[in-house]
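Protein chains: 2
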Amino acid sequence: MYNIDILYEAVALKGHVCVGLDTAADYLPPRMRRESLSDAEGVLAYNRKIIDAAIDVSACFKVQIAYYEALGLAGLKAYAETLRYIRDRGSLVIADIKRGDIAGTASRYAAAHFEGDFEADFVTLSPYMGMDSIEPWLVYAGRRGKGAFVLMRTSNKGMKDFEYRELKTGGRLYDAVGDKLAELAVRYTGKYGYGAFGAVVGCTEQEEAVAIREKQRNLFFLIPGYGAQGGAAADAALLLRDGNGGVVNASRSILKAWSSTEDLPEDPDNDYPAEAARKAAVEMRDALWAAAGKAGASR
Amino acid sequence: MYNIDILYEAVALKGHVCVGLDTAADYLPPRMRRESLSDAEGVLAYNRKIIDAAIDVSACFKVQIAYYEALGLAGLKAYAETLRYIRDRGSLVIADIKRGDIAGTASRYAAAHFEGDFEADFVTLSPYMGMDSIEPWLVYAGRRGKGAFVLMRTSNKGMKDFEYRELKTGGRLYDAVGDKLAELAVRYTGKYGYGAFGAVVGCTEQEEAVAIREKQRNLFFLIPGYGAQGGAAADAALLLRDGNGGVVNASRSILKAWSSTEDLPEDPDNDYPAEAARKAAVEMRDALWAAAGKAGASR
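Quick note, the sequences are listed as chains A and B, same order.
Per our numbering, residue -17 is the first one in the first sequence, and the count goes up by one each step.
Per our numbering, residue -17 is the first one in the second sequence, and the count goes up by one each step.
These are computed hints drawn from the structure, not numbers from a lab.
Treat the hints with care, since some could be wrong.
Put simply, identical chains are the same to the list, so a pair is met inside one copy or across any two.
Computed list of lysine-lysine pairs in DSSO-like fashion (alpha-carbon distance at most 30 Å, straight line) [what the hints assert, rightly or not]:
#1 K142 to K31
#2 K150 to K197
#3 K162 to K142
#4 K173 to K197
#5 K150 to K238
#6 K238 to K276
#7 K197 to K142
#8 K173 to K59
#9 K31 to K238
Bound conformation, chain A alone:
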């Protein structure tokens, strides 16, 4: 059983929301921040609240390691404890680390993020150096069910610089990445037909989204760009397949939901932000369910 199968079942049961714990200290409500011993302690305490609040309405969590590295060694301790807390509570966690290096080094990275202090269920990877930078991670798919999402077509402006470039042999660079990932998916296929390793595909123009999904039917997608990055449920739904096959990440719109509600108390107490986060996650889940239903019906 691959983690991708467990993720598929979580989506079927709890919806498509992936809660992104890109937690900056200044996302914390004022009282909680004041009461924290340090930024790292505050971030960890806040993460625990968000995890508790959203765990039954989200498919998984994604932890963006950059926010923790920025707090130095103390931040990485908070990162490790955040991962452990999610896993102990029985949910899946994606380590958003976007690593990519030559094979010998990739083996070390894989040991770092699929075992030990920083063990996660999935990682994100960068494909620039080629498939020999991905292979060492795959050992853990066979051995421990681990998964990964490899950068394919992201939704940032700069994706036009390289990802989107047309190749002489046809298609764009990201198509070439998708094709290589499809080859892996044949070798490591979960019981619902998805490869153990999927792809990061951002919300994008509708025609392109439909084309990507039609072509890569066996890749599970990690879909960023919802909410703060501007995508909407209808766009994300185009990247799903029969209502599954993808999780949609939102970070700030959930973590900072407390600050954007109209009835914000002047100095909200520590339960208020968790309630606001849960509400935001539920709204997003319901919007995605509705959109997935419609997209399913129209295809």
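With chain A fixed as given, assemble chain B onto it according to the hints.
Then chain B, alone, in the frame of chain A:
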């Protein structure tokens, strides 16, 4: 003054060797390993010996973070202390981290690796997501002289998968990356004519190396693939310009020099490996000096 200027001067003075501290615990000589309290402690102690032994015969050090991440939190403490030791001793250090993420996240990564516990003089970056994933790091070039080497054309087998692909508009993907980096180099030019941000270019076929260097005259190159990866001094020298403009990385051939000498004592004491490392670095420095002289004369 940019760090790239300091690196240029270090190359002129001390040669082209970049000592790669990709230090695995099993690279340590048996006695030292036995005497270490932990793998992380042993790696740090060994690094200090290698740094002391090689600092006056090498341009800089490169620390591959994957080897430290693999040892968890204790490993990252050893990583931080290795960086600090190199900087305290007055040498430059490249953090080989190959990060690459959207702008907001890249800002966090830049804070993580250009300030605080993990402060380095240079980092390595991955360009897949585009130049908006590089820009946030550049803030630190202007403010603190920091530098980076962006993956362009690596020497691993898998580079054919994407880096080497021909684009519809001409050139290969890595050429497109080089051209974008050349644009940055115009905006941030050091006093010796090199951009604050350079490129990772591996030892490769001779014609290709000459073409890359001719085209990208203002990019300083970090050149991996020497020694254990199979490149030789003559190949690396083709990527230099007037005997400067590049550093050449070697890791295992220096770190494990103690194990490949013919007169290895059965259980070498703790000074022996450092002496062997220094000897390997000196031989590499001299080979590169000789090759750079020849390459300079022939062009």
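Query raised in the report: Hints broken by the structure, by number, lowest first?
Result: 1, 5, 8
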